[in-house]
Amino acid sequence: MADIVNTVLEWIKDFFTWLFQSIWAQILEALAAVINAIPVPDFVYQAQSAFASLSGNVLFFAQKFAFGEGVAMILAAYAIRFLIRRIPIIG
Numbered sequence: 069m070a071d072i073v074n075t076v077l078e079w080i081k082d083f084f085t086w087l088f089q090s091i092w093a094q095i096l097e098a099l100a101a102v103i104n105a106i107p108v109p110d111f112v113y114q115a116q117s118a119f120a121s122l123s124g125n126v127l128f129f130a131q132k133f134a135f136g137e138g139v140a141m142i143l144a145a146y147a148i149r150f151l152i153r154r155i156p157i158i159g
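Residues are numbered in the working numbering as their position in the sequence shown, beginning at 1, plus a constant of 68.
The hints are simulated quantities; they were obtained by calculation from the structure and are not laboratory data.
Yeah, the Cβ is synthetic: ideal placement off N, Cα and C, and Gly gets one too.
A hint or two may mislead.
Unchecked claim - Derived Cβ-Cβ restraints for the label pairs, each shown as a range:
1) 136 to 110: 18 to 28 Å
2) 134 to 80: 48 to 58 Å
3) 79 to 109: 16 to 26 Å
4) 128 to 108: 27 to 37 Å
5) 117 to 80: 51 to 61 Å
6) 92 to 153: 23 to 33 Å
7) 75 to 112: 32 to 42 Å
8) 152 to 80: 32 to 42 Å
9) 94 to 114: 33 to 43 Å
10) 114 to 141: 19 to 29 Å
11) 117 to 157: 23 to 33 Å
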C-alpha cells in the first residue's frame, strides 16, 4: 500500500514539474519572439560602416588586444548591473 501511495505522489510531483517546465519554456519562447521583433537601430549600421573603414594596422592591434571580447564583456557587465538594480531586494 505504501508503494502505491509513493508512486502516486511521485507521479503528481513529476506532473507539476513537467507543467512548470512547459509553462517556463512557453514564456521563454514568447520573450525570444518579442526580442526578435525589436528592429535594429540605425546607429548599428553606422558603426558597422565606421569599423569597415579602419586601417589594417588598427585592426591588427584591436585583434591582438582582444578588443571585441573586451567590449562584449563590458556590455554584458552593464546589462547585468542594469538587471540587478531592477531587483527590489538587491538593487
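Each hint tested on the structure:
A hinted range of 18 to 28 Å holds for the C-beta pair residue 136 and residue 110, which are about 22 Å apart. Taken as a hint, the range 48 to 58 Å holds for the pair residue 134 and residue 80, whose Cβ atoms sit roughly 51 Å apart. The hint said 16 to 26 Å for the Cβ distance between residue 79 and residue 109, and at roughly 50 Å that hint is violated. Our hint of 27 to 37 Å for residue 128 and residue 108 holds, since their Cβ atoms are close to 28 Å apart.
In this structure the supplied range 51 to 61 Å holds for residue 117 paired with residue 80, their Cβ-Cβ distance being about 59 Å. Checked against the hint of 23 to 33 Å, the pair residue 92 and residue 153 passes, with Cβ atoms roughly 24 Å apart. The beta-carbon spacing between residue 75 and residue 112, approximately 56 Å, falls outside the hinted interval of 32 to 42 Å. For residue 152 paired with residue 80, a C-beta distance near 36 Å keeps the hint of 32 to 42 Å intact.
At roughly 37 Å, the beta-carbon separation of residue 94 and residue 114 lies within the given 33 to 43 Å, and the hint holds. Distance hint check: the CB atoms of residue 114 and residue 141 are about 23 Å apart, consistent with the given range 19 to 29 Å. Range check, residue 117 to residue 157: about 44 Å between beta-carbon atoms, so the 23 to 33 Å window is missed.
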